[in-house]
Amino acid sequence: MSDVVVVTSRDEIARVLSAALADRAEAHCETRGGRTVPLEIRGLSGMSLVFSLKRDVDGTTPLLASVFQEDMAADVEVEVVISLVDGQYAIRERVSDVSLTTFTLSAGQSILKLQRRSDFRVSVRTEGYVVALQIDDTTIVEKRRELTILDLSAGGMRVLWPTSTLGMTPRVKQSFDAELKLSPPAVRGTAEEKTASVVIECVRDHGPENLDRPQDGHAVSFRFHDLGQEEARTLLFVCLSVHRARYALR
Numbered sequence: 002m003s004d005v006v007v008v009t010s011r012d013e014i015a016r017v018l019s020a021a022l023a024d025r026a027e028a029h030c031e032t033r034g035g036r037t038v039p040l041e042i043r044g045l046s047g048m049s050l051v052f053s054l055k056r057d058v059d060g061t062t063p064l065l066a067s068v069f070q071e072d073m074a075a076d077v078e079v080e081v082v083i084s085l086v087d088g089q090y091a092i093r094e095r096v097s098d099v100s101l102t103t104f105t106l107s108a109g110q111s112i113l114k115l116q117r118r119s120d121f122r123v124s125v126r127t128e129g130y131v132v133a134l135q136i137d138d139t140t141i142v143e144k145r146r147e148l149t150i151l152d153l154s155a156g157g158m159r160v161l162w163p164t165s166t167l168g169m170t171p172r173v174k175q176s177f178d179a180e181l182k183l184s185p186p187a188v189r190g191t192a193e194e195k196t197a198s199v200v201i202e203c204v205r206d207h208g209p210e211n212l213d214r215p216q217d218g219h220a221v222s223f224r225f226h227d228l229g230q231e232e233a234r235t236l237l238f239v240c241l242s243v244h245r246a247r248y249a250l251r
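Counting with the working numbering, you get residues 2 to 251 for the letters of the sequence shown.
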């Protein structure tokens, strides 16, 4: 089950939008090429927010085309994540208006609330995502191995550890350098594939993932250690992408 709640109350939506403007909330979205883009909230009109790219150090607002090229236009679907004190919210709508420097999203129908700011977790076991681990532990013969991710969040992940080939599961607090491949099979190996270099630390061995087929391996939980902001945002958008593919917004 995903840790996402669809908010449809107009009063609650209005509260979130007003708070986002008043607090100058951090916001960001993602280009079609997978680049995370920081945004500024420039205004509120009814139930719509007006966004621009984050201003340069000299106060200049960059042109949307400098980042989005032809990806930003009226009726193009965009997903913007807004960070408030009480958590993160996502607006997933079509652009209603666009200028050289700003675009407008309406949130009058619904917004998504991410239940736990750092632990928003989705199941990806049936989506074909993998994690490629660069293992530097001399007790494990294979130095590189692709493991299936069972679920994923910005705080950590649970993977299927094949004991038949890798032997004993890692001990608690054992760390590895890892490279995450964060795209489904359809785009694997293409420019759209997302990757993130991270350090993972073993948290728990949950035992066999399938009691009827223990030879398939154990479910093992890892947490991300000192995850960078860019990597955290990449993981968040992957989680949102999985949620979007599996659940209708309305």
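No lab work stands behind these hints: they were computed from the structure. Do not take every clue at face value.
Stated by the list, open to error - Cross-link-like lysine-lysine pairs, in silico, DSBU-like; alpha carbons within 35 Å at most: (1) 195 with 174; (2) 182 with 55; (3) 55 with 195; (4) 114 with 182; (5) 114 with 195.
Exercise. Keeping to a limit of 35 Å between CA atoms, is the pair of residue 182 and residue 55 held or broken?
Worked result: 28 Å, holds
Exercise. Keeping to a limit of 35 Å between CA atoms, is the pair of residue 114 and residue 182 held or broken?
Worked result: 26 Å, holds
For this session: With a cut-off of 35 Å on the C-alpha distance, tell me whether residue 114 and residue 195 pass.
Result: Measuring from Cα to Cα gives roughly 24 Å; hence the hint holds.
Exercise. Is it true that the CA of residue 195 sits at most 35 Å from the CA of residue 174?
Worked result: Holds, because 27 Å separates the two Cα atoms, which is no more than 35 Å.
Exercise. Is residue 55 close enough to residue 195, meaning Cα to Cα at most 35 Å?
Worked result: 23 Å, holds
Going through the hint list in order, the structure satisfies each hint without exception.
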